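Asks: Sequence:
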Amino acid sequence: MCGIVGYIGNKHAVPILLEGLHRLEYRGYDSAGIAVIEGGELCRVRMQGKVNSLALQLAERPFESTIGMGHTRWATHGKPSEANAHPHANGDATIMVVHNGIIENYQTLREQLSARGYRFSSETDTEVVAHLIEDEYTGDLTQAVKRALRKVTGTYGLVVMHAHHPREMVAARRGSPMVLGVGDNEMLLASDVAAFLRLTDRVVYLEDDDIVTLKANTYVIDTLADKPVARETERIEWQAEAVELNGFPHYMLKEIMEQPQTIADSLRGRLLPDEGIARLGGLRHEIDSLLHARRIIITACGTSWHSGLIGEYMLEEFVRTPVEVDYASEFRYRDPVLDHDTVVIAVSQSGETADTMAAVREARQKGCKVYGICNVVGSSIARESDAGVYLHCGPEIGVASTKAFTSQVTVLALMTLFLARMKSMSAVKGREMVKELQAIPNKVAQILQTSESIKSIAEQYLYCRNFLYLGRGYNFPVALEGALKLKEVSYIHAEGYPAAEMKHGPIALIDESMPVVFIAIQDSTYEKVLNNIAEVRARQGRVIAVATQGDKEIRHCVDHVIYVPPTLECLTPILTIIPLQLLAYHMAVIRGCDVDQPRNLAKSVTVE
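129 is the number that the numbering used here gives to position 129 of the sequence shown; each next residue is one higher, with no gaps.
Just so you know, these hints were derived from the structure itself, not from any lab.
The structure presented is a predicted model; accordingly, all values stated were derived computationally and were not measured.
A virtual CB, placed ideally from N, CA and C, is assigned to each residue, including glycine.
Hints may be right or wrong, so weigh each one.
Between beta-carbon pairs, the in silico distance windows are [as the list claims (entries may be wrong)]: (1) I287 - T233: 28 to 38 Å; (2) K423 - T233: 20 to 30 Å; (3) S453 - Q540: 18 to 28 Å; (4) N185 - R465: 17 to 27 Å; (5) N10 - G139: 24 to 34 Å.
With the hints as constraints, model all of the structure from the sequences given.
Replies: This is the structure we're talking about:
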């Protein structure tokens, strides 16, 4: 994995491929390469390093080809190197492949092909596919790809080119996203629509086991089983400008600062103030299953798992349905007890997270209704769920999720309000919650104005190697998320805990060199949190507190205070996470880290 772009049409391919690769850089990668057909031959340029370096190499080799494909690689099999970079080729370089995913049986296939005389030049699983296609090729490229992929176990989003087919390319998908862009006398392929938004907003989302054969002005989709299929052409609502920096130094800062707007976009058209209820059209036809569920399981990974924990607190408090939150990566492997009275909610920014998709399929196989919460229209989770809610927060480019997290919590609050008002929540309480939700974007904007003072706090802790984040109740998941943000972008070790759990182990780490970040909001747990702060101070720990505006008492017992406006207790996570995002961002920038493309991380994790 990580990013794929392909082009066939009437324009020079290389500039289009490079622009697409640049737009996919946010996904994280260690090497890059392209292949084009020029003079009847497949020509390949690839290297370890960034797309800018690839562009410099290509400037010395001007290609005029109108067909080509490119790739940014995040290493799974084999270290980052030119030999392991995509595209990968067969022995005589007449066939080349770019691939996201993992070929699970590649070692067996490699041994079989080696025994037949095929020679390998990389450590990757992908190279096996190029040799398999050569082994199956008898003149029809599409059929050769199908026959080869029938021997493959694993996941793939891939594009194939053949030197003897200079006006044709073939792509396939299983478990890794692949989208077709339909232009005027040109066709595009990518793992993410961001790669070609400037050229077309008409897209076709491929589904698992789809095979698409492209020419400049036409495409044909059928399946691995040779069954023709028709896939709907959809229009992308995002504009190309949405994936630009627009004057910000980093996408992460841009997306943090966009949150007043993105939260408002998640709320838009979904609140009915007079009735004190939410309107969620994506759930309306499945409302009975949610209302009568014996329990709800929320499954997600990473940041989305943290938003799921907040959703658990909300749903149990107001809807009174038991909720469990599962790591999607563990869900199916522990053989969960599921039945028809269990509803599963899958949360994912991209809608393509491989572990979460596996959990969705496991739940459906066992007869559960599955609801999706994701950001990307037409994504796998959106298509394979029975119903769901989109975040509508626009493309998130920074690898470390920020605006998607607050939109996920916002959507979970809307879902809670939607269900609670149909059960036992009064109209008065509903109107109060609607009013507070409407006020949240402005309150987030107030917090964002404190960015420079948060930067000054970050400067004082520049050389600390460890942080502890503590919170209670609704803000325990915020502690987890705050610690994750710091780890992701600044490479400082950080752990999040429930504040009361500090005494059960982590307190042993407290000394003058261990900063502790407390979420100390004036809520039902406030007095307990103050006691936990006193325990840290007694051991010379330094304390940064996120507190409620107007709380003067807390100033006397901490080193630094970052204030947030008051709101309903259940909505405080949307506010309290903002200072922690800014703290992580500023810490990383001061330390010279690449905040948009942190080392070893990928934006959309499409392998298990």
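Asks: Look at each hint and say if it fits the structure.
Replies: Results for each hint:
no.: 1; hint: I287 - T233: 28 to 38 Å; result: holds, 30 Å
no.: 2; hint: K423 - T233: 20 to 30 Å; result: violated, 40 Å
no.: 3; hint: S453 - Q540: 18 to 28 Å; result: holds, 24 Å
no.: 4; hint: N185 - R465: 17 to 27 Å; result: violated, 57 Å
no.: 5; hint: N10 - G139: 24 to 34 Å; result: holds, 26 Å
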